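Q: Sequence:
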Amino acid sequence: MTNEPEDLFDTPEEAALSGWAETPSAQAKVVEVDIHGDRATVIIEVAASRSDMKRERNYCHRSPDGRWMLGHSEG
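In my numbering, the protein residues as written are 15 to 89.
The set of hints was computed from the structure by calculation and includes no laboratory data. Keep in mind it's a predicted model, so treat the numbers as computed, not measured. Be careful, since some hints might not be right.
So the derived label-pair ranges between C-beta atoms look like this [as the list claims (entries may be wrong)]:
id	residue 1	residue 2	range
1	Thr37	Tyr73	29 to 39 Å
2	Val44	Ser65	20 to 30 Å
3	Asp79	His50	14 to 24 Å
Each residue gets a CB set at the ideal place from its N, CA and C atoms; glycine is no exception.
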């Protein structure tokens with residue numbers, strides 16, 4: 015068994031979606047990913063209400079071991 019930090023992920027998409035893991039009712043889904051070296055911008059669409067969707071911009075970066083973490087989000 016290895017001890018891996020919970021906030022490191024294999025892809026920037028996984029890192030960005032981790033912020034919604036405890037809110038399944040938001041129905042978060044990745045709609046766009048833009049990777050530039052060790053940085054990525056991930057656009058996530060979430061259900062703001064039953065009939066309204068909103069988009070959130072998430073900024074992720076790659077750790078020294080090559081895994082991804084969520085930096086911050088706007089939206």
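Q: All hints are to be evaluated individually against the structure, with a verdict given for each.
A: How the hints compare with the structure:
1. Thr37 with Tyr73: 29 to 39 Å: The hint (29 to 39 Å, Cβ to Cβ) is violated, given that threonine 37 and tyrosine 73 are roughly 19 Å apart.
2. Val44 with Ser65: 20 to 30 Å: Distance hint for valine 44, serine 65 holds at roughly 21 Å.
3. Asp79 with His50: 14 to 24 Å: holds (19 Å)
Consistency with the previously given hints fails for number 1 only.
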